[in-house]
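Chemist: Below are the chains, spelled out letter by letter.
2 protein chains.
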Amino acid sequence: MVKAKMWVLTKHFDGFPKESDFQLKEEELPELEDGQVLLEALFLSVDPYMRPFSRFRMKEGDVMIGTQVAKVVQSKNAAFPVGAHVVGRGGWRTRAVSDGSDLLPVMPDWPRDVSLSVALGTVGMPGLTALYGIEEVLGLKSGETLLVNAAAGAVGSAVGQIAKIKGCRVVGSTGSDTKVAFLKELGFDEAFNYKTVASLEGALRDAAPSGYDCFFENVGGPFSSVALSQMKDFGRIAVCGSISTYNDTESQTGPYPQMSMIVKQLKMEGFMQSRWERKHPESLRRLMSWLKEGKLQSREHITEGFQNMPAAFMGMLRGENTGKAIVAV
Amino acid sequence: MVKAKMWVLTKHFDGFPKESDFQLKEEELPELEDGQVLLEALFLSVDPYMRPFSRFRMKEGDVMIGTQVAKVVQSKNAAFPVGAHVVGRGGWRTRAVSDGSDLLPVMPDWPRDVSLSVALGTVGMPGLTALYGIEEVLGLKSGETLLVNAAAGAVGSAVGQIAKIKGCRVVGSTGSDTKVAFLKELGFDEAFNYKTVASLEGALRDAAPSGYDCFFENVGGPFSSVALSQMKDFGRIAVCGSISTYNDTESQTGPYPQMSMIVKQLKMEGFMQSRWERKHPESLRRLMSWLKEGKLQSREHITEGFQNMPAAFMGMLRGENTGKAIVAV
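Taken in order, these protein sequences are the chains called A and B.
Taking the numbering used here, I'd label the letters of the first sequence as residues 4 to 332.
Taking the numbering used here, I'd label the letters of the second sequence as residues 4 to 332.
No lab work stands behind these hints: they were computed from the structure.
Careful, some of the hints might be misleading.
In this list, chains with the same sequence are indistinguishable; a pair is considered to hold if it fits within one copy or across any two.
Stated by the list, open to error - Calculated cross-link-like contacts (lysine-lysine; reagent style DSBU-like; alpha-carbon spacing at most 35 Å): (1) LYS187 / LYS79; (2) LYS144 / LYS167; (3) LYS267 / LYS167; (4) LYS21 / LYS295; (5) LYS6 / LYS267; (6) LYS167 / LYS79; (7) LYS282 / LYS187; (8) LYS267 / LYS28; (9) LYS8 / LYS267; (10) LYS21 / LYS187; (11) LYS21 / LYS79; (12) LYS167 / LYS198; (13) LYS235 / LYS21; (14) LYS267 / LYS14; (15) LYS169 / LYS282; (16) LYS62 / LYS235; (17) LYS6 / LYS144; (18) LYS267 / LYS144; (19) LYS21 / LYS267; (20) LYS235 / LYS282; (21) LYS79 / LYS62; (22) LYS62 / LYS187; (23) LYS74 / LYS235; (24) LYS267 / LYS62; (25) LYS6 / LYS28; (26) LYS235 / LYS144; (27) LYS62 / LYS298; (28) LYS267 / LYS74; (29) LYS198 / LYS267.
This one's a predicted model, so the numbers in the text were calculated from it and none came from an experiment.
Please construct the entire structure, taking both the sequences and the accompanying hints into account.
Modeler: This is the structure:
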């Protein structure tokens with residue numbers, strides 16, 4: 004008899020998530036039927052998107068959404084033999100029974116010296132998000148100047164490094180001096196702490212006096228309005244996230260963007276990585292080879308213990324992580 | 004000795020323009036030098052863009068910016084013989100001396116039964132704006148549903164009709180019941196008076212219950228936020244104007260658009276017709292042939308008398324015109 008733990012959303016978040024919005028439950032898993040496998044979670048992901056998508060894709064009482072790297076520990080499915088590692092979409096659970104339809108095998112020939120947790124970060128969804136935002140949405144070209152905010156996060160740190168690989172000038176905004184130092188290590192041309200600069204507009208202008216060709220937007224809110232004013236004519240904006248507004252109880256408001264968009268003929272596009280799913284295998288191979296070549300560094304912020312998932316999630320929303328926030332079971 | 008009248012911006016507009024922001028002046032024009040022509044204005048254009056661009060492109064004391072259809076009445080420039088009609092960019096003037104660099108000949112073989120004023124409207128800048136917004140920015144495809152606001156204006160009325168030519172379903176928002184009737188005459192599938200509907204959101208949803216593929220934005224402000232909520236996934240928005248915010252003394256604010264743009268993966272692009280200038284000759288020919296075939300109707304709102312230019316301009320900003328606002332000298 005196999006038991007599994009899981010974190011349930013007891014109440015839709017109202018403002019910033021609270022411990023009491025989550026409940027740890029335990030349940031017994033059934034015996035496997037033909038076609039099924041038993042999974043044991045090794046690493047779980049906490050990501051910003053979980054905050055808004057809990058509202059759109061979950062009801063109270065559901066297990067929290069999310070991905071994990073898991074090991075197949077029992078199998079009645081030839082596609083997923085015992086010992087195989089998979090990325091599963093089963094949410095915040097220690098163990099689960101799956102028919103395989105929500106599983107992706109971890110990339111074949113995953114290198115022994117790369118932690119499997121990286122399949123949730125730089126060589127996983129956040130890395131793909133960075134790559135597609137740059138290639139499919141922005142069409143970033145060598146020599147251009149790119150701005151990215153939340154730059155020390157899982158997506159932002161990949162964005163800056165991929166833009167450097169593409170021969171661009173990269174400016175990153177982040178929320179602490181330690182993170183600024185991290186961005187410099189990663190090769191960002193300019194990085195600043197938006198919490199301590201005298202003016203965001205001044206910081207953006209000093210970092211790129213002739214403006215930005217591209218802006219990879221993770222933050223939204225007031226930052227977005229100031230960044231608009233620093234775009235070059237025909238600037239492109241990839242809207243990936245809006246973390247500064249996820250915990251609003253009432254919508255924040257700001258100046259309407261239309262006039263700036265007309266005068267500079269700006270283009271702004273919202274996107275999710277799932278749009279290019281058919282490209283994932285090839286894209287993951289490219290991310291992995293950049294990683295192996297040392298062109299793409301993967302920093303992780305690891306929280307130990309499944310019982311700490313809500314704390315890891317809330318810490319990530321507060322920006323306590325540098326790099327990808329991961330929970331190790 | 005030739006005298007010219009002109010309207011000067013005495014003071015940058017602060018809020019809605021006032022009579023006292025304009026001054027009518029008279030000056031003597033010099034004798035023509037080689038390469039120059041003397042122009043006499045027949046029709047002058049008043050357009051929404053003049054309000055925001057007065058701030059960006061003019062200083063106090065400048066003649067108001069704008070285009071006109073003029074006749075060459077004296078010429079020392081073989082390219083523009085006496086009697087030729089041109090579209091000139093000299094601003095709000097009755098007569099002017101030009102070296103030709105700011106002039107475009109009115110399309111050759113302009114039909115005798117089409118008023119030359121149409122070169123300032125449907126077969127001119129507003130028509131081109133509609134066409135490029137639809138073809139170059141939105142990439143509108145047959146069978147799609149398009150929303151356009153300020154739909155009875157010079158640009159909006161062309162947008163709706165061109166979208167009908169392309170086999171689309173067209174919904175127009177406008178500011179009076181008379182204009183609603185006009186839009187129905189033009190072939191719009193749905194039209195409503197945004198000032199009298201119980202709720203804009205409800206009106207947009209009733210007119211297109213499954214949402215909008217494309218949105219041609221002329222209004223900005225609160226309308227833009229409501230329209231975002233009614234877009235389909237992967238919806239495209241061409242931002243042409245923002246007339247509801249042009250007269251703000253303080254920026255109006257509204258909810259940030261990023262979250263809606265991410266969840267629906269929307270694309271929004273600001274544009275000006277000048278970007279596709281090299282396509283103008285071919286585009287004007289297409290607009291003219293649609294006009295001749297009766298597929299594109301051109302309605303004009305004509306104010307008589309150069310002395311009434313400020314009144315015509317302010318009336319247009321208040322939405323008093325149906326179709327293109329023109330001043331006949």
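Chemist: Against each hint, give a clear statement of whether it holds in the structure.
Modeler: Against the structure, the hints come out as follows:
no. : hint            : verdict
1   : LYS187 / LYS79  : neither (49 Å within a copy, 63 Å between copies)
2   : LYS144 / LYS167 : within (11 Å within a copy, 37 Å between copies)
3   : LYS267 / LYS167 : both (25 Å within a copy, 29 Å between copies)
4   : LYS21 / LYS295  : neither (39 Å within a copy, 66 Å between copies)
5   : LYS6 / LYS267   : neither (58 Å within a copy, 38 Å between copies)
6   : LYS167 / LYS79  : neither (45 Å within a copy, 57 Å between copies)
7   : LYS282 / LYS187 : within (31 Å within a copy, 46 Å between copies)
8   : LYS267 / LYS28  : between (53 Å within a copy, 33 Å between copies)
9   : LYS8 / LYS267   : between (52 Å within a copy, 33 Å between copies)
10  : LYS21 / LYS187  : within (34 Å within a copy, 53 Å between copies)
11  : LYS21 / LYS79   : neither (39 Å within a copy, 80 Å between copies)
12  : LYS167 / LYS198 : within (25 Å within a copy, 51 Å between copies)
13  : LYS235 / LYS21  : between (41 Å within a copy, 33 Å between copies)
14  : LYS267 / LYS14  : between (44 Å within a copy, 25 Å between copies)
15  : LYS169 / LYS282 : both (19 Å within a copy, 33 Å between copies)
16  : LYS62 / LYS235  : between (43 Å within a copy, 23 Å between copies)
17  : LYS6 / LYS144   : neither (51 Å within a copy, 54 Å between copies)
18  : LYS267 / LYS144 : both (19 Å within a copy, 26 Å between copies)
19  : LYS21 / LYS267  : between (42 Å within a copy, 28 Å between copies)
20  : LYS235 / LYS282 : both (31 Å within a copy, 24 Å between copies)
21  : LYS79 / LYS62   : within (31 Å within a copy, 78 Å between copies)
22  : LYS62 / LYS187  : neither (42 Å within a copy, 44 Å between copies)
23  : LYS74 / LYS235  : neither (48 Å within a copy, 39 Å between copies)
24  : LYS267 / LYS62  : between (42 Å within a copy, 20 Å between copies)
25  : LYS6 / LYS28    : within (10 Å within a copy, 89 Å between copies)
26  : LYS235 / LYS144 : both (14 Å within a copy, 30 Å between copies)
27  : LYS62 / LYS298  : neither (41 Å within a copy, 51 Å between copies)
28  : LYS267 / LYS74  : between (51 Å within a copy, 34 Å between copies)
29  : LYS198 / LYS267 : both (28 Å within a copy, 31 Å between copies)
Against the hints set out earlier in the document, violations occur for numbers 1, 4, 5, 6, 11, 17, 22, 23, 27.
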